[in-house]
Amino acid sequence: MAYETRTASEILDEMKSSVRDDVDKREGSVVHDMLAPPAEQIELLDYELEAIYLNGFADTADLPYLIRRAAEWGVDWKDAVKARGQVTITGTNDVVVPAGFRVYTDSGIYFQTVADVTITNDTATVEAEAVVGGIAGNIGIGEITQFVNTVAGVASVTNNDVFTGGIDAETRESLLARYLLKVRKPITSGNVYHYEKWATDVDGVATAKVFPLFDGPGTVKVVVIAADGRAPSPDVIENVAEHIAVERPIGATVTVVPVTEVAVNISAKLTLDGDLVPADVLDAVKASISAYLLMAAHSGIVRYSRVGEALLEVDGVLDYESLTVNDATANVQIAEDAVAVVGEVVLT
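Position 29 of the sequence shown, counted from 1, bears residue number 1308 in our numbering, the numbering being contiguous throughout.
Everything labelled a hint here was simulated from the structure, so no lab data went into it.
Quick list of in silico lysine-lysine cross-link-like pairs, DSSO-like style, CA-CA up to 27 Å:
hint: 1; residue 1: K1464; residue 2: K1476
hint: 2; residue 1: K1565; residue 2: K1361
hint: 3; residue 1: K1476; residue 2: K1500
hint: 4; residue 1: K1476; residue 2: K1361
hint: 5; residue 1: K1464; residue 2: K1500
hint: 6; residue 1: K1461; residue 2: K1500
hint: 7; residue 1: K1548; residue 2: K1565
hint: 8; residue 1: K1461; residue 2: K1476
Everything numeric in this text was worked out from a predicted model, so none of it was measured.
Turn these sequences into a full structure, and let the hints guide you.
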């Protein structure tokens, strides 16, 4: 049974009901005026108690409390990972550029060098990492163009290669899924759930599908799904393979592959709140549907009704009609080694 909060008015009525009926309890009376302020404070306390109640259970806990609950079972939250790459600095020969020298893109994504470097033959190349972790740090060639002018003799900066490896912090949904995997499924002796856990231990992995005996005795296939519900990068696949190689039982031949993406195209006519237009909620709709698809990754089916629910979970969306999923009004079957991802979303 869920915790039920009470309004100040309901609390006041309850308190006044315990006062004798021959005492004046009308609004403006001494009894009313003495009990009304405490009733308002108790209402606030009720909201605090509701939060405590909800945060006591993993499936309703906010992320900070879920992190602590999961840690009790050895399931650690994955913080954001910083993107890394190389920065080329142009300037005066023999100028020493210290570690921590900051450069950034035109869009304001900052990086800092991780070692001292001396400019020779007018240039120097040095390793750098994003100041803030996350996929925003995964930038293309030449995007770094600016620098914080703290070193005399530096003329320009750039990156001649891409920056990679940036991973967003783990979402609440991903952590909850890993926590439930640990507490609900029997993980032991290299069974299916053990391989799933080993895969999801790696940064950037949300979940995995495991296929034992996929190519005969002693073989295991692990299909990896990234934190954003899509196919992970080659670096993540390599990290998963290396981690499983250390943990797996002796003799098992393990193949780790990225999941196959299957685009799910959505079209719907929305009823929106106030002056909102479809473009205002497009990104939020995509995010809501993506969250559902990630949670449904193991089910092998995209349910038409759940896509509709995902639409209604978006702030500002009051109702919908004419919803189609892949040009139909039915569930969509997904292959075992595939995952549904958001394709084209058309909102009117």
